[in-house]
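**Q** Here is how the chains run, residue by residue.
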Amino acid sequence: DTAVSQTPKYLVTQMGNDKSIKCEQNLGHDTMYWYKQDSKKFLKIMFSYNNKELIINETVPNRFSPKSPDKAHLNLHINSLELGDSAVYFCASSQDRGGLARYNEQFFGPGTRLTVL
Amino acid sequence: RKEVEQDPGPFNVPEGATVAFNCTYSNSASQSFFWYRQDCRKEPKLLMSVYSSGNEDGRFTAQLNRASQYISLLIRDSKLSDSATYLCVVIYGNKLVFGAGTILRVKS
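These protein sequences, in sequence, are chains P and B. Residue numbers for the first sequence follow the numbering used here, so the first one is 1 and each next one is one higher. Residue numbers for the second sequence follow the numbering used here, so the first one is 1001 and each next one is one higher.
Simulated from the structure, these hints should not be mistaken for laboratory data. C-beta atoms are modelled at their ideal positions from N, C-alpha and C, and glycine is treated no differently. Be careful, since some hints might not be right.
Reference listing, derived: stretches of chain B covered by chain P, where coverage requires no fewer than 3 residues with Cβ under 8 Å from a Cβ of chain P [unchecked claim]:
(1) 1043-1056
(2) 1097-1106
Only pairs whose alpha carbons sit at most 35 Å apart, straight line, appear in this in silico DSBU-like list of lysine-lysine [what the hints assert, rightly or not]:
(3) B:Lys1042 - P:Lys44
(4) B:Lys1079 - P:Lys9
(5) P:Lys40 - B:Lys1095
(6) P:Lys41 - B:Lys1107
Rough simulated footprint, nothing fancy, chain B against chain P, three-plus residues with beta-carbon under 8 Å [stated by the list, open to error]:
(7) 45-58
(8) 109-115
Given only the sequences and the hints, what does the whole structure look like? Please build it.
**A** Right, here's the structure in full:
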């Protein structure tokens, strides 16, 4: 029974297109994240949502827009795709502990490999 | 200086060897630390949390040195299945930062 699932697993598209990646978690966690892992394998957080509220928004082009319809889902919409957007995008979830050290173990989805041609 | 730095490796070791990785962090106010493991073309998975007093899980030992601002991971009796990329994670406030990872290759 998959804990964090993402669709699609692979996405190949042309520059300039708009695409969405969906993420769902069935762990009952209240915090969800989007990460980007580039070709150098560097994993960088993009967004974090806690109970549908945005709490981290790193320096990411505004072509990227996360949407959280409920606390079990966090989708990522990307407008006007560029070559540099090619990467693996991971969704993750955790149970927020609150306070100064709020982030707990992250559970990652299998990743979406985006290739922009 | 990067917020979190790791030696990218690769560390090539024979089966049965003991290997250690370090991860340095720049923010002295960092509160929580973790080691994750990522297999090729897979998602990262939590290996272990890192506590101030150090902690051990089987062949794996994690330690934190706040004075020198680094965490370490020691793997004893390396197995072929330990081959992976090991990522350290440092958390302070709302910031959650992954290191770039250290590649370990265990050879028979």
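**Q** Does each hint hold? Answer for all of them.
**A** Results for each hint:
{"no.": "1", "hint": "1043-1056", "in the structure": "holds (count 5)"}
{"no.": "2", "hint": "1097-1106", "in the structure": "holds (count 4)"}
{"no.": "3", "hint": "B:Lys1042 - P:Lys44", "in the structure": "holds (16 Å)"}
{"no.": "4", "hint": "B:Lys1079 - P:Lys9", "in the structure": "holds (30 Å)"}
{"no.": "5", "hint": "P:Lys40 - B:Lys1095", "in the structure": "holds (21 Å)"}
{"no.": "6", "hint": "P:Lys41 - B:Lys1107", "in the structure": "holds (22 Å)"}
{"no.": "7", "hint": "45-58", "in the structure": "holds (count 4)"}
{"no.": "8", "hint": "109-115", "in the structure": "holds (count 3)"}
In summary, the structure agrees with every hint in the numbered list given earlier.
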